[in-house]
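Colleague: Sequence:
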Amino acid sequence: ESMKAFWDIEEVQAKAIHLLASFVRDGSALPYLVMFIESISLAMKTHVDSLKLQVDGCSLLLEILSQALEQDVVAALGENVASSLLETVRKHAGNEELLSLACTLLMMVSASEVTAENLRKVGVIPDLLSILKNFLHNEKICFSGCGVLWSLAVSEYNADQALLRSAVPVTSAVLQEHLQNTTVTESACSALWALSLQGCLTEDDYEPTTALLLDALRMNPERPMLTKNACLALASLLRHSEISALRLITYSKGSGVNLIKDVYHLHFDNPEVVESICMLINEMVQYDDVVLDMLSQKMEELLPEIKSSFPSS
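Numbered according to the numbering used here, the sequence shown spans residues 1 to 313.
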């Protein structure tokens, strides 16, 4: 009640947020805390100039929504809350700590189809791309930012083709910058896969993106989810362009075909990864030059092994 009555007094809002934060660790308080999401975001929007209130508000929303996720409590954010978060990001575009919190929050909430649509409506994509470009060195921001891009790209409401196309070079830059960070690489690969599925890559993107995805596989072969996402992204690229197929067999850092064989042997008992590799192989065999390379590397020997390992699939 005090948050509503004294909505314009920063000190009252700050104290209320501090008090609410003290209840977060009490799991039974979650249903009540979720009811405060709109009030917290309104306080943040009203006092957007206050950096401390933005940090405390974002931190509290993160805590509430993390618990909601753990307890399977639905907490989709409305357009007003999405708009408030975007105002925070725009007002404090140079504050790395706050942007890191905000991007983590955006990634968490964008997993909801409804919230992803609300974020799209308020125009989050240009701001997100700007943050990624300005803080390319920040692993946490890049991981979260690519996660948001993935959610927006796969959203059934997606209608931002032109904007998403502009996300391709930024996502590629993230991947190039963080190839040795498995977590960020995994997130960037999933974003590139989603962008490729939406037809966001241009003719000029196919060759460098294929090489980058092969680099990601070569440098992080042990990560199942990364391998799955990279193979699915490669399959999507090959489906669209012969350029990607040729890059696969002329990979400058070794045999692309052998690399696929190697990651299969690492994950031969993981059905999801093997399925993604099979989808990639299915696209590879559409090109005669690739088939010749596959035969020279004896890749056909994998197929009976896969069939016997997964007879019902």
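Quick caveat, the hints were computed from the structure, so don't treat them as lab data. There may be inaccurate statements among the hints.
Pairs of lysine-lysine residues, derived as DSSO-like cross-links and limited to a Cα-Cα distance of at most 27 Å, are as follows [unchecked claim]: (1) K4 to K133; (2) K140 to K91; (3) K45 to K133; (4) K91 to K133; (5) K45 to K15; (6) K15 to K91; (7) K45 to K121; (8) K133 to K52; (9) K298 to K253; (10) K52 to K4; (11) K121 to K91; (12) K45 to K91; (13) K45 to K140; (14) K298 to K261; (15) K52 to K15; (16) K261 to K307; (17) K121 to K15; (18) K45 to K4; (19) K15 to K4; (20) K52 to K91; (21) K121 to K133; (22) K121 to K140.
Nothing here was measured: the structure is a model prediction, and the numbers come from that model.
Colleague: Each hint should be assessed against the structure and marked as holding or not.
Modeller: Checked hints:
With a C-alpha separation of about 38 Å, the suggested pairing of K4 with K133 is violated against the 27 Å cut-off. With a C-alpha separation of about 20 Å, the suggested pairing of K140 with K91 holds against the 27 Å cut-off. With a C-alpha separation of about 25 Å, the suggested pair K45 and K133 falls inside the 27 Å cut-off, and the hint holds. Taking the CA atoms of K91 and K133, the gap is about 17 Å. The hint holds against a cut of 27 Å.
Distance hint between K45 and K15 is fulfilled; the C-alpha atoms sit about 16 Å from each other, no more than 27 Å. This hinted pair checks out: K15 and K91 have alpha carbons roughly 22 Å apart, not beyond 27 Å. The straight-line distance between the Cα atoms of K45 and K121 is roughly 17 Å, inside the 27 Å bound, and the hint therefore holds. Restraint check for K133 and K52: the C-alpha separation of about 25 Å stays at or below 27 Å, so the hint holds.
Distance restraint check for K298 and K253: the Cα-Cα separation of roughly 19 Å lies within the 27 Å cut-off, and the hinted pair is therefore satisfied. Restraint check for K52 and K4: satisfied, since their Cα atoms lie roughly 20 Å apart, inside the 27 Å limit. Taken as a hint, the K121 and K91 pair is honoured in the structure, with Cα atoms around 19 Å apart against an allowance of 27 Å. Taking the CA atoms of K45 and K91, the gap is near 10 Å; set against the 27 Å cutoff, the hint holds.
Pair hint K45 plus K140 holds up; C-alpha atoms about 24 Å apart against a cutoff of 27 Å. Among the hinted pairs, K298 with K261 is consistent with the structure: their alpha-carbon atoms are about 10 Å apart, no more than 27 Å. A C-alpha spacing of about 12 Å is found between K52 and K15, which places the hinted pair at or below 27 Å, so the restraint holds. Of the supplied pair hints, the one linking K261 and K307 holds, its CA atoms being roughly 15 Å apart against a limit of 27 Å.
Restraint check: the Cα-Cα separation between K121 and K15 comes to about 32 Å, which exceeds 27 Å; the hinted pair is violated. Pair hint K45 plus K4 holds up; C-alpha atoms about 13 Å apart against a cutoff of 27 Å. At most 27 Å may separate the alpha-carbon atoms for a hinted pair to count; K15 and K4 meet this at roughly 13 Å. Taken as a hint, the K52 and K91 pair is honoured in the structure, with Cα atoms around 13 Å apart against an allowance of 27 Å.
Distance check on the hinted pair: K121 and K133 sit about 22 Å apart at the alpha-carbon level, within 27 Å; holds. About 25 Å separates the Cα atoms of K121 and K140, which keeps this hinted pair within 27 Å; it holds.
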